[in-house]
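Trainee: Given next are the chains, with one letter for each unit.
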Amino acid sequence: MALYSEKVMEHFRNPRNVGVIEDADGVGEVGNAKCGDIMKMYLKIDGDTVTDVKFETFGCGSAIASSSMATELIKGKPVADAMKLTNKAVAEALDGLPAYKMHCSVLAEEAIQSALADYYAKHPEKKPAT
Amino acid sequence: MRIYADNAATTKPSRAAIEAMLPYLEEEYGNPSSLYTLGQRAREAIEQAREEVAAVIHADPRDITFTSGGSEADNQAIRSAAEKGRKAGKTHIISTAFEHHAVLHTLNRLEKEGFRVTLLDVHENGLVRPDELDAAICDETCLVTVMTANNEIGTIQPIRALGELCARRGVPFHTDAVQAVGHLPIDVDADHIDMLSASAHKFHGPKGVGFLYARKKVPLVNLIDGGAQERGKRAGTENVPAIMGMAAALKESAARMDGDAERMRTLRDRLITGLREIPHSALNGDAVKRLPGNANFCFEGIEGESLLLLLDDRGICASSGSACTSGSLDPSHVLLAIGRVHDVAHGSLRLTLGEDATEEEVDYIVRNVREVVEYLRGFSPVWRDLVSGKANFIL
Ligand SMILES: Cc1ncc(COP(=O)(O)O)c(C=O)c1O
Ligand SMILES: [Zn+2]
Chain P
5 MALYSEKVME HFRNPRNVGV IEDADGVGEV GNAKCGDIMK MYLKIDGDTV
55 TDVKFETFGC GSAIASSSMA TELIKGKPVA DAMKLTNKAV AEALDGLPAY
105 KMHCSVLAEE AIQSALADYY AKHPEKKPAT
Chain X
133 MRIYADNAAT TKPSRAAIEA MLPYLEEEYG NPSSLYTLGQ RAREAIEQAR
183 EEVAAVIHAD PRDITFTSGG SEADNQAIRS AAEKGRKAGK THIISTAFEH
233 HAVLHTLNRL EKEGFRVTLL DVHENGLVRP DELDAAICDE TCLVTVMTAN
283 NEIGTIQPIR ALGELCARRG VPFHTDAVQA VGHLPIDVDA DHIDMLSASA
333 HKFHGPKGVG FLYARKKVPL VNLIDGGAQE RGKRAGTENV PAIMGMAAAL
383 KESAARMDGD AERMRTLRDR LITGLREIPH SALNGDAVKR LPGNANFCFE
433 GIEGESLLLL LDDRGICASS GSACTSGSLD PSHVLLAIGR VHDVAHGSLR
483 LTLGEDATEE EVDYIVRNVR EVVEYLRGFS PVWRDLVSGK ANFIL
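Going down the list, the protein sequences come from chains P and X. Plus 4 on top of the position in the first sequence (first one is 1) and you've got the numbering used here. Plus 132 on top of the position in the second sequence (first one is 1) and you've got the numbering used here.
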């Protein structure tokens, strides 16, 4: 059996939404070089919609595929949906990840959360009431 | 196309090895412990194999014990020396920080049983210094175990100097020679080696078979109890086909060793020269005192597993010491032992050439590693911080 699903390999080989958004509304970076995976997410937000998203990743195949899948899952979607994206959803959309690689999909969720937190820090008026 | 550049992981079984095994799978299936002719022919065959294996390392065949491979040989060697030490009230063992886990984990277990373990520094070049071993030996030392050649960075230790030192200080000396046997000349007498571990699949023999060389002065303790095979030191019906394959492979490797090594060194140096041109890269381990086929690099700003997967797509089989390839959070203990920081150790690549490697293959590897490293750096946030000056280059 291969290490990764076909879906993971497909996203790893052809990652979607790679790059930077120079005038991003929110930027989040998570992970550290000590553990071996770092993800950076750039969000463009218009009204209630994530209009664009790009990522940069230093990491393993599963980290790159998770970043790619996570961007696909939130691009063009309501900010409220992006807020709720879980690592489980990312892993499922990739047809699963090996158990010891789940932490890479957690990073994708955290990178988006971190970028949204950055957005709300800059635009406190947009923060939904909790 | 496939370029197999992971010969430190395992090697392709040689034709000689396969042909030596076949009769013992097809016709000569007797149990060497049986007294009828079929069994006794198998017995004679493995005793002949024992002589051939012993001859390659200049050993007495009676000091060779067949095992299931390098790990078992390491475990048995260390446990045996420790047991002898314990009986004499000596519970100090000296080794190095970059041994194979078969050695390190056995030592961890002994520490829990009350042994004290000193791990020698292997310095930035991946070499043990004999004077530091000399200083570490004390009255309680019952074993020194230092690998002949490191499996990741390929550095070759000054085994003869270490062996002489141990002989002079009266301490048993074991060496894990799994990466060296069949590739480098070894003479257990001239090198003052008391115990040595070897594994067939690293020299074009089958997997799951190896041997332990041990002089009489270190009585072996059993890891496996049962029948009287291997002079009572390793129970279990002998893996006759595998033993025959191992002996044939080793005989051939030893006969070709000098010519092979010289050719491989030339190719290895071509590989190293090519990869060094990649900016912000560094060779791991001494450039000269290293295995003929080993090149091990760190590339700053990228992670090793993604590098391996993309090289695999281009037909290149290699390995890495990144955490993500091992399933742990820490990168290779070997790279950390030579002082590579985590950030850089994650971006390591080990290429280990085989005897049949060609110049064209080496050039193909260099070209593709360069392209893949460049591609991965292109969307690495770490690399962006380095080139924009937000972080400082280490390499
Ligand atoms: C230096 C070293 N020691 C021990 C071993 C273990 O050998 P085996 O796989 O035969 O148990 C290996 C191979 O992985 C090795 O490279
Ligand atoms: Zn990872």
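Read the hints as simulated data drawn from the structure, not as lab findings. One should not assume that every hint holds.
Here are the simulated lysine-lysine pairs, PhoX-like style, with alpha carbons at most 25 angstroms apart [to be verified]:
#, chain 1, residue 1, chain 2, residue 2
1, P, K48, P, K126
2, X, K222, P, K126
3, X, K222, X, K383
4, X, K348, P, K48
5, P, K92, P, K48
6, P, K126, P, K92
Counterexamples of contact, computed for chain P against chain X with all Cβ distances above 10 angstroms [claimed, not checked]:
#, residue
7, S9
8, G23
9, E33
10, A37
11, D41
12, K44
13, G51
14, D52
15, S66
16, A67
17, V110
18, D122
Backbone N, C-alpha and C define an ideal beta-carbon position, used for all residues, glycine too.
Trainee: Hint by hint, say whether it matches the structure.
Mentor: Taking the hints in turn, this is what the structure says about them:
no., hint, result
1, K48(P) / K126(P), "holds, 13 angstroms"
2, K222(X) / K126(P), "violated, 66 angstroms"
3, K222(X) / K383(X), "violated, 38 angstroms"
4, K348(X) / K48(P), "violated, 74 angstroms"
5, K92(P) / K48(P), "holds, 24 angstroms"
6, K126(P) / K92(P), "violated, 28 angstroms"
7, S9, "holds, 13 angstroms"
8, G23, "violated, 7 angstroms"
9, E33, "violated, 6 angstroms"
10, A37, "violated, 4 angstroms"
11, D41, "violated, 7 angstroms"
12, K44, "violated, 4 angstroms"
13, G51, "holds, 28 angstroms"
14, D52, "holds, 28 angstroms"
15, S66, "violated, 8 angstroms"
16, A67, "violated, 8 angstroms"
17, V110, "holds, 13 angstroms"
18, D122, "holds, 15 angstroms"
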